[in-house]
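Asker: This is what each chain is made of:
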Amino acid sequence: MLESYLRNRLDEKDILLMTHIVLGYPSLADSLRIVEAMVEAGVDLMELQIPFSEPTADGPVIVRANQRALGAGTTVEDCLKLAETVAHTYAIPFLIMSYYNILFRYGVRRFVTAMAHDGLRGAIIPDLPPEEGGEYLDAMQAHNLAPILIFSPTTALARMRYIATFGRGFIYCVARKGVTGAHTDFSEDLAAYLRRCREATSLPLALGFGIKAKADIDFLKGKVDIAVLGSQTIRIMEAEGIGAVGDFIRRLR
Amino acid sequence: MMIERRYYGEFGGAYIPEILVSTFEQLAAAFREAKNDPHFWTEYVNLLSTYSCRPTPVTWAENLTRHWGGPRIYIKREDLNHTGAHKLNNVMGQGLLVKRMGKSRVIAETGAGQHGVATATMAAKFGFSCTIYMGEVDVARQRPNVFWMERLGARVIPVRDGTRILKDAINEAFRDWATRMDDTHYVLGTACGAHPFPEMVSYFQSIIGQEARRQIVDRAGRLPTRVYACVGGGSNALGIFSGFWDDPVELVGVEAGGRGLATGRHASRLASQDGTPGVAQGYKTYFLQDSEGQMKETHSVAAGLDYVGVSPILAALRQEGRVRFEAATDQEVLEAFSLTLAKEGLIPALESSHAFAQAFKEASDLGKDDIILINQSGRGDKDIFTIADAFSDPEWNKFIQRKAEENHA
Numbered sequence: 001m002l003e004s005y006l007r008n009r010l011d012e013k014d015i016l017l018m019t020h021i022v023l024g025y026p027s028l029a030d031s032l033r034i035v036e037a038m039v040e041a042g043v044d045l046m047e048l049q050i051p052f053s054e055p056t057a058d059g060p061v062i063v064r065a066n067q068r069a070l071g072a073g074t075t076v077e078d079c080l081k082l083a084e085t086v087a088h089t090y091a092i093p094f095l096i097m098s099y100y101n102i103l104f105r106y107g108v109r110r111f112v113t114a115m116a117h118d119g120l121r122g123a124i125i126p127d128l129p130p131e132e133g134g135e136y137l138d139a140m141q142a143h144n145l146a147p148i149l150i151f152s153p154t155t156a157l158a159r160m161r162y163i164a165t166f167g168r169g170f171i172y173c174v175a176r177k178g179v180t181g182a183h184t185d186f187s188e189d190l191a192a193y194l195r196r197c198r199e200a201t202s203l204p205l206a207l208g209f210g211i212k213a214k215a216d217i218d219f220l221k222g223k224v225d226i227a228v229l230g231s232q233t234i235r236i237m238e239a240e241g242i243g244a245v246g247d248f249i250r251r252l253r
Numbered sequence: 254m255m256i257e258r259r260y261y262g263e264f265g266g267a268y269i270p271e272i273l274v275s276t277f278e279q280l281a282a283a284f285r286e287a288k289n290d291p292h293f294w295t296e297y298v299n300l301l302s303t304y305s306c307r308p309t310p311v312t313w314a315e316n317l318t319r320h321w322g323g324p325r326i327y328i329k330r331e332d333l334n335h336t337g338a339h340k341l342n343n344v345m346g347q348g349l350l351v352k353r354m355g356k357s358r359v360i361a362e363t364g365a366g367q368h369g370v371a372t373a374t375m376a377a378k379f380g381f382s383c384t385i386y387m388g389e390v391d392v393a394r395q396r397p398n399v400f401w402m403e404r405l406g407a408r409v410i411p412v413r414d415g416t417r418i419l420k421d422a423i424n425e426a427f428r429d430w431a432t433r434m435d436d437t438h439y440v441l442g443t444a445c446g447a448h449p450f451p452e453m454v455s456y457f458q459s460i461i462g463q464e465a466r467r468q469i470v471d472r473a474g475r476l477p478t479r480v481y482a483c484v485g486g487g488s489n490a491l492g493i494f495s496g497f498w499d500d501p502v503e504l505v506g507v508e509a510g511g512r513g514l515a516t517g518r519h520a521s522r523l524a525s526q527d528g529t530p531g532v533a534q535g536y537k538t539y540f541l542q543d544s545e546g547q548m549k550e551t552h553s554v555a556a557g558l559d560y561v562g563v564s565p566i567l568a569a570l571r572q573e574g575r576v577r578f579e580a581a582t583d584q585e586v587l588e589a590f591s592l593t594l595a596k597e598g599l600i601p602a603l604e605s606s607h608a609f610a611q612a613f614k615e616a617s618d619l620g621k622d623d624i625i626l627i628n629q630s631g632r633g634d635k636d637i638f639t640i641a642d643a644f645s646d647p648e649w650n651k652f653i654q655r656k657a658e659e660n661h662a
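Sequences listed follow chains A and B, in order.
So in the numbering used here the end of the first sequence lands on 253, straight run, no missing numbers.
So in the numbering used here the end of the second sequence lands on 662, straight run, no missing numbers.
Mixed in with the good hints there might be a few duds.
[As the list claims (entries may be wrong)] Residues on chain A that point at chain B, a partial pick, calculated with CB under 7 Å:
hint, residue
1, Leu2
2, Val61
3, Val63
4, Ala72
5, Asn101
6, Asp127
7, Ala191
8, Leu194
9, Arg195
Worth flagging that the hints you see were computed from the coordinates, not collected in a lab.
Beta carbons are placed, not taken as given, at the ideal position from N, Cα and C, and that holds for glycine.
Isolated chain A, as found in the complex (with noise of 0.2 Å):
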């Protein structure tokens, strides 16, 4: 179902946009304003990033914003409360981004009930290969939630297409080694990669890592579905304030 509110979604618009903040930072009152912000400036969906105290695949930027959101009290229930309340109010699909020891403690099954029961689509975990996700892969099928899963340069086509089978509504292209935050060029070699991913599946394409500009995203269009926003909208939020990010997005497209 996350699946053909893209398909529709991109039936009136060549791009998609989707932005990443991490709740409770600077504080979980900031977060509500940031996403009402992020949608009225026509974001499509969003990743909702609970904070963990390893987040090993970020960059610094959103390394930072976990440790200040831990730092400032925020729990995964205060996160989880915040998540259902975007999803009721607004009608963008919301996914959680979490690293996967969140879920485990939480209990896996319970997490997976739990983001049914707030409203959320799906949910982009970064640690949890599908090789050892069975238990979270059943769950979110179970509740036919959508598990994003990830592509990367370094993925061969065999391992893109045998990994595909374990994802639902959009597979999420990682577009250069690395962390989050840091430079991507957006040369022909990303062309190719993408190109490789279409090859693998069927699926809408998202891509992450490094997108900062109007011209970054104009160089996607055609080439995926979806433009992902994650540190460049932290750092013109804490250099601008809240109010700068819609106007950011605005201007994106």
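Please build the complex by placing chain B on the supplied structure of chain A, with the hints as guidance.
Answerer: Same frame as chain A, but now just chain B:
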């Protein structure tokens, strides 16, 4: 194409981001080939017996034996390795694998700096470029090791995120690896992390147990009653224990009791009630974490034991009841350290002193016919700044102040 995983009971696994899957695959394959190549182990032993001091001896601690009046106490002398600890075994073994894989750069995490110095040493010997990640807090308190790493040609990068200690250095090393896996190997320092690291590191460290079993049988004429080893990540413990898996020998792992288990200021994942199963840094094991899965701060007088997780192999062995886990407090450790120094003229690292402390606490349980074997995993004399601090030695403090004034002048 699928991830090779390995579980020990319910622990271990390979919880890795997709970007590193092919790198782990390559490493697992290289390790498997090396293990199946009969020349590889010979090459490894030959390297360590010419570049380091293998086999390290087993010393009969005659004075400590007499002092406690109970079991005969023997000590496996991993402190006599080049760079001063068992860490070198693993590092040289992984160095040989790096050569087989044709990579040119190594990275490593370090807490106190021992593993960083060992890795920088290996990189110098093999001609690899080397970057060491070290928490900012540790960089500040372990300058002598930073000095040596830099002199050995390594770049030391202070990690400013998280709690700025060992676990944060591991996260940062992973981020580097996810960026530069083509020419880079991550030399993980202990038997933790995603497969194949726990198996690979304990394979290299098993040389300790192989030697120790042969030596104790030669010297004492029979097997020990108990073997003691300190447990941080668990590599020296797995190394020595592995010589005795099939023997009727009690194996005792000693964790950092810090200020005491009741205070919560410790690093006992297996000996205390505070450790709970979790998944972080690529593997499933017991972690010191809160109920929501956020990692806690740990404490130990010995930086090398000050870590939130523990080898998944040890977590499984605890569950099977094959290894008993205990904790020694900072205070007990300093007393055991002083006694060993005074009675035997040996200077164990504070990490290793945990094994001594627990052995001493339990010496009276055993009779004169019993034998105990303690793994002295590292030497303490090169940690003079840390140890002098732990004892708040007044003359040492004056010396440091004088030095500072001289440098200032």
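Asker: Next, verify each hint and record whether it holds.
Answerer: Each hint, compared with the structure:
| no. | hint | result |
| --- | --- | --- |
| 1 | Leu2 | violated (20 Å) |
| 2 | Val61 | violated (11 Å) |
| 3 | Val63 | holds (5 Å) |
| 4 | Ala72 | violated (13 Å) |
| 5 | Asn101 | holds (4 Å) |
| 6 | Asp127 | holds (5 Å) |
| 7 | Ala191 | violated (19 Å) |
| 8 | Leu194 | violated (15 Å) |
| 9 | Arg195 | violated (18 Å) |
The earlier numbered hints that this structure contradicts are 1, 2, 4, 7, 8 and 9.
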